[in-house]
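*Asks:* Going down the list, the protein sequences come from chains A and B.
Residue 60 in UniProt numbering sits at position 60 of the first sequence, with consecutive numbering throughout.
Residue 283 in UniProt numbering sits at position 283 of the second sequence, with consecutive numbering throughout.
Among the clues, some could well be false.
What the hints assert, rightly or not - Some chain A residues flagged as far from chain B (calculated, every beta-carbon gap over 12 Å):
#1 Gly35
#2 Ser44
#3 Arg61
#4 Leu92
#5 Asn108
#6 Gln123
#7 Asp128
#8 Lys139
#9 Ser146
#10 Arg150
#11 Arg152
#12 Glu203
#13 Ala256
#14 Pro259
#15 Trp267
As the list claims (entries may be wrong) - In silico DSS-like pairs for lysine-lysine, Cα to Cα no more than 30 Å straight-line:
#16 Lys122/A x Lys139/A
#17 Lys124/B x Lys79/B
#18 Lys49/B x Lys116/B
#19 Lys49/B x Lys139/A
#20 Lys266/B x Lys174/A
#21 Lys21/A x Lys34/A
If you're looking for bench data, these hints aren't it; they were derived computationally from the structure.
No residue lacks a Cβ here, since even glycine has one placed at the ideal position from N, Cα and C.
So the chains spell out like this:
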Amino acid sequence: MADALFRVRGLKVALPDMTRKPLFGRAPLAEILKGFDFDLPARSVTGIVGESGSGKSTLGRALVRLIEPTGGSVVFEDRDITHLAEAELRPLRRDLQMIFQDPMSSLNPRRTIGAIIAAPLKQNGMGDNLRDRVAEALKRVGLPASFASRYRHELSGGQRQRVGIARALALEPKFVLADEIVSGLDVSTQAQILTLLERLADEMGLTVAFISHDLSVIRRLCRQVIVMRQGEIVEAGPTEAIFDGPAHAYTRELIAAIPLPEVDPEWLGAVSVGRRG
Amino acid sequence: MTPALEISNLSATLPNGLRVLRSVSLAVHPGEVRALVGESGAGKSMIGKAVLGVLPPSVRVAEGRIAIEGTELGGLSPKQRRTLIGARTALIPQDPLTALNPSRRIGPQMTDRLTKILGWDAAKADARVRQLLDEVQIRDAERVLRAYPHELSGGMRQRVLIAAAFAAEPRLIVADEPTTALDVTVQKQILRLIAALQREHGTAILFVTHDLGVVAKISQKVTVLYAGKVAEEADTAALFAAPRHPYTRALMAATPRYTDPLASLKPVDDAVLAGLAEEIAAADRDWRAPHG
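Next up, chain A with everything else stripped away, as it sits in the complex (with noise of 0.2 Å):
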């Protein structure tokens, strides 16, 4: 994978633990990643998968430096942003976007559906044929243009998350972060946002990371896998061959964890219920 969009090298993020912070005084730092190397492909959907406190969300906001590691290195298209100030990252913006787990909270209520997708248009000098560039933006996620004088409210969840992308995509950015994006979701609307974001990514070439706990959604719409583990990579590589022949005991319990629409009573297995007697 010589073609990589982001190399990362080294990478460590450490976050105040306000869990253990002194009434008084500043909270004591915790790792929440803990140096680890990859790239990450040009063109390509990328699945991070972990569970809870795994650091994936963490790692996709180090890599759109929303916050900005305490350690190793992001390089960009061959340009080092780990330490990029605000002011220097700003031109970037619109190369890196997010679609995120809840529209409902991303979505601003008192503003129109238009205006919301128009606004980050403005920011970065795509502020002319407005009205078109917001049109084009909806058709692309299978919207209505009317939809651009709706508020959020009026919008089902669906429709919610499909405004989401609109909004990431209008810009044509290189890169996309999708953190969760169908986990509120039910599974008929889930299977519609998942196909159109497949779809888009691959009209358009960009490059994804997909941030998930679900490693049947990841299955089916990543190229490769990294799979976490409390702030470091159990393992990484190409979809398949993790499926097929997972090499760490942690993928292997995380696949047979996941419980298959299919009928089968070994699955609960025999566990007895521990009596003192």
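Using the hints provided, position chain B relative to the given structure of chain A.
*Replies:* Same frame as chain A, now just chain B:
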């Protein structure tokens, strides 16, 4: 055999007259797990709430019966109803953090139910709670009983609530998405525990979930709900072998499975949704609230 729970022809309406439950019938027999599966807004939690007598005030039961071990709730005074529900049923909620009082230790929260509702003495309640903690494989019961809810992990809290639910030997447990908030590996442990305790105690469980994977693993019977209406009812094995209703088939095709990535995650066909809308409209046409 008298069902632990029998719901017949249950309809519920909102103040604007809209039906949220549409002539729902289902039964859960002793020792049986029935999954109640549907997407958001299907009314599955509403049914659980109706059984436990905790429907929101805006929802009115317009028609139908709910019977717990043969006793119809509608025929009881509010006090009798609360006593019956308190003695024979229990809830395993989705989010253990909101179900537990954050400012009280776990121990008294678990024994309260036994002493205050069932009138057990403190020693008996304490012994019972410890036995159940042991059954849910909590080895350091002493620490857990003295802990506050926030000091335990999500999986631990859910174990505590499972122990609390089984402690009073209810005949029926309503489990409302009890593993939805958990990591997959923890979910598997919790499902195993629920199944083991259920077998051991012979409890009937109405297991509310949106996840067909969980349905396949935990239940023997299943009711598929769409827009407050039963789409399909079957033995779990039969449902997965040959789903009859187009909606069930569509749900199965939409559910991701890592063993067959290309055949799964299929968006629901518009024709299926149109068919469902027609079914709902037809059901509402033929229905009139008994009291106008």
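*Asks:* None of the hints should be skipped; say for each whether it holds.
*Replies:* Each hint, compared with the structure:
no., hint, in the structure
1, Gly35, "24 Å, holds"
2, Ser44, "16 Å, holds"
3, Arg61, "20 Å, holds"
4, Leu92, "33 Å, holds"
5, Asn108, "23 Å, holds"
6, Gln123, "33 Å, holds"
7, Asp128, "35 Å, holds"
8, Lys139, "18 Å, holds"
9, Ser146, "19 Å, holds"
10, Arg150, "20 Å, holds"
11, Arg152, "17 Å, holds"
12, Glu203, "17 Å, holds"
13, Ala256, "8 Å, violated"
14, Pro259, "3 Å, violated"
15, Trp267, "5 Å, violated"
16, Lys122/A x Lys139/A, "19 Å, holds"
17, Lys124/B x Lys79/B, "26 Å, holds"
18, Lys49/B x Lys116/B, "22 Å, holds"
19, Lys49/B x Lys139/A, "41 Å, violated"
20, Lys266/B x Lys174/A, "27 Å, holds"
21, Lys21/A x Lys34/A, "21 Å, holds"
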